[in-house]
Amino acid sequence: DTEVTQTPKHLVMGMTNKKSLKCEQHMGHRAMYWYKQKAKKPPELMFVYSYEKLSINESVPSRFSPECPNSSLLNLHLHALQPEDSALYLCASSQAFGTLIQETQYFGPGTRLLVL
Amino acid sequence: GQQLNQSPQSMFIQEGEDVSMNCTSSSIFNTWLWYKQDPGEGPVLLIALYKAGELTSNGRLTAQFGITRKDSFLNISASIPSDVGIYFCAAGANSKLTFGKGITLSVRP
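Sequences listed follow chains A and B, in order. For the first sequence, the positions run 1 to 116 when the numbering used here is used. For the second sequence, the positions run 1001 to 1109 when the numbering used here is used.
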């Protein structure tokens, strides 16, 4: 099973709203990622979690707050977003063995976010 | 920073034709990956390559990890309409992936 699931599929929110994106994988992977993707551009890395601990934050604004409650789940909490944050948000996962994170990542279908 | 050169931005081929795409970099990578992305969906992993010189096939797709570890190519043989989409190369080092800009493939019936 190489499936990563994401909910919701679509989300529309105002700039004062608080919402959360959810990601789940059951592949036993211990590394999980959040990416942001604009139309016709490659994915841009936001955060990396390894063994439920944040290991990389690519200087993402604090209005994006990641959380990894357990080894299968990854959340992205959104607050006070701007219209330019509208994008496809992708979750991915990969295997990890101690400090070694395998770079072969499996992506979810994404959440299409529109900020009004 | 590390960059992957993937061009052209778009390719147009006739159904049944073969197509080749390549991806180059000035940096050395440990892993080369090829993804396909349909509109509104996440990237789907097509082929993963882990050793310099490795040649791997997945159905009509063949990809190779360059000997210098700085490049990779993807071949699609006998294209069909469902091959349309954006093809991204990605290369891994230090637990992170660097992505190419992607090639949008169109297949004329």
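Simulated from the structure, these hints should not be mistaken for laboratory data. A hint or two may mislead.
Among the chain B residues that face chain A by a calculated CB cut under 7 Å, a handful are [unchecked claim]:
hint: 1; residue: 1031
hint: 2; residue: 1042
hint: 3; residue: 1048
hint: 4; residue: 1088
hint: 5; residue: 1097
hint: 6; residue: 1099
Just some of the chain A residues that point at chain B, by a computed CB distance under 10 Å [to be verified]:
hint: 7; residue: 13
hint: 8; residue: 43
hint: 9; residue: 63
hint: 10; residue: 87
hint: 11; residue: 90
hint: 12; residue: 92
hint: 13; residue: 102
Restricting the straight-line Cα-Cα distance to at most 20 Å, the calculated cross-link-like pairs of lysine to aspartate or glutamate (DMTMM-like) are [stated by the list, open to error]:
hint: 14; chain 1: A; residue 1: 38; chain 2: B; residue 2: 1071
hint: 15; chain 1: B; residue 1: 1101; chain 2: A; residue 2: 44
hint: 16; chain 1: A; residue 1: 41; chain 2: A; residue 2: 3
hint: 17; chain 1: A; residue 1: 36; chain 2: B; residue 2: 1083
hint: 18; chain 1: A; residue 1: 9; chain 2: B; residue 2: 1015
hint: 19; chain 1: B; residue 1: 1096; chain 2: A; residue 2: 52
hint: 20; chain 1: A; residue 1: 40; chain 2: B; residue 2: 1041
hint: 21; chain 1: A; residue 1: 41; chain 2: B; residue 2: 1054
hint: 22; chain 1: B; residue 1: 1096; chain 2: A; residue 2: 44
hint: 23; chain 1: A; residue 1: 40; chain 2: B; residue 2: 1083
hint: 24; chain 1: A; residue 1: 38; chain 2: B; residue 2: 1015
hint: 25; chain 1: A; residue 1: 41; chain 2: A; residue 2: 84
hint: 26; chain 1: B; residue 1: 1096; chain 2: A; residue 2: 58
hint: 27; chain 1: A; residue 1: 9; chain 2: B; residue 2: 1054
hint: 28; chain 1: B; residue 1: 1101; chain 2: B; residue 2: 1083
hint: 29; chain 1: A; residue 1: 41; chain 2: B; residue 2: 1018
hint: 30; chain 1: A; residue 1: 36; chain 2: A; residue 2: 67
hint: 31; chain 1: A; residue 1: 53; chain 2: A; residue 2: 67
hint: 32; chain 1: A; residue 1: 38; chain 2: A; residue 2: 52
hint: 33; chain 1: A; residue 1: 18; chain 2: A; residue 2: 85
hint: 34; chain 1: A; residue 1: 41; chain 2: A; residue 2: 58
hint: 35; chain 1: B; residue 1: 1101; chain 2: B; residue 2: 1071
hint: 36; chain 1: A; residue 1: 22; chain 2: B; residue 2: 1071
hint: 37; chain 1: B; residue 1: 1101; chain 2: A; residue 2: 52
hint: 38; chain 1: A; residue 1: 36; chain 2: B; residue 2: 1071
hint: 39; chain 1: A; residue 1: 9; chain 2: A; residue 2: 44
hint: 40; chain 1: A; residue 1: 41; chain 2: B; residue 2: 1041
Backbone N, C-alpha and C fix where the C-beta goes; we use that ideal spot for every residue, glycine too.
Cross-check of the supplied hints:
no.: 1; hint: 1031; in the structure: holds, 4 Å
no.: 2; hint: 1042; in the structure: holds, 4 Å
no.: 3; hint: 1048; in the structure: holds, 5 Å
no.: 4; hint: 1088; in the structure: holds, 6 Å
no.: 5; hint: 1097; in the structure: holds, 6 Å
no.: 6; hint: 1099; in the structure: holds, 4 Å
no.: 7; hint: 13; in the structure: violated, 18 Å
no.: 8; hint: 43; in the structure: holds, 6 Å
no.: 9; hint: 63; in the structure: violated, 23 Å
no.: 10; hint: 87; in the structure: violated, 12 Å
no.: 11; hint: 90; in the structure: holds, 5 Å
no.: 12; hint: 92; in the structure: holds, 8 Å
no.: 13; hint: 102; in the structure: holds, 8 Å
no.: 14; hint: A/38 to B/1071; in the structure: violated, 25 Å
no.: 15; hint: B/1101 to A/44; in the structure: holds, 11 Å
no.: 16; hint: A/41 to A/3; in the structure: violated, 23 Å
no.: 17; hint: A/36 to B/1083; in the structure: violated, 24 Å
no.: 18; hint: A/9 to B/1015; in the structure: violated, 32 Å
no.: 19; hint: B/1096 to A/52; in the structure: holds, 17 Å
no.: 20; hint: A/40 to B/1041; in the structure: holds, 12 Å
no.: 21; hint: A/41 to B/1054; in the structure: violated, 28 Å
no.: 22; hint: B/1096 to A/44; in the structure: holds, 11 Å
no.: 23; hint: A/40 to B/1083; in the structure: holds, 17 Å
no.: 24; hint: A/38 to B/1015; in the structure: violated, 29 Å
no.: 25; hint: A/41 to A/84; in the structure: holds, 15 Å
no.: 26; hint: B/1096 to A/58; in the structure: holds, 11 Å
no.: 27; hint: A/9 to B/1054; in the structure: violated, 37 Å
no.: 28; hint: B/1101 to B/1083; in the structure: holds, 18 Å
no.: 29; hint: A/41 to B/1018; in the structure: violated, 25 Å
no.: 30; hint: A/36 to A/67; in the structure: holds, 16 Å
no.: 31; hint: A/53 to A/67; in the structure: holds, 9 Å
no.: 32; hint: A/38 to A/52; in the structure: violated, 27 Å
no.: 33; hint: A/18 to A/85; in the structure: holds, 14 Å
no.: 34; hint: A/41 to A/58; in the structure: holds, 17 Å
no.: 35; hint: B/1101 to B/1071; in the structure: holds, 15 Å
no.: 36; hint: A/22 to B/1071; in the structure: violated, 35 Å
no.: 37; hint: B/1101 to A/52; in the structure: violated, 30 Å
no.: 38; hint: A/36 to B/1071; in the structure: violated, 25 Å
no.: 39; hint: A/9 to A/44; in the structure: holds, 19 Å
no.: 40; hint: A/41 to B/1041; in the structure: holds, 13 Å
Of the numbered hints given earlier, the model fails hints 7, 9, 10, 14, 16, 17, 18, 21, 24, 27, 29, 32, 36, 37, 38; all others are met.
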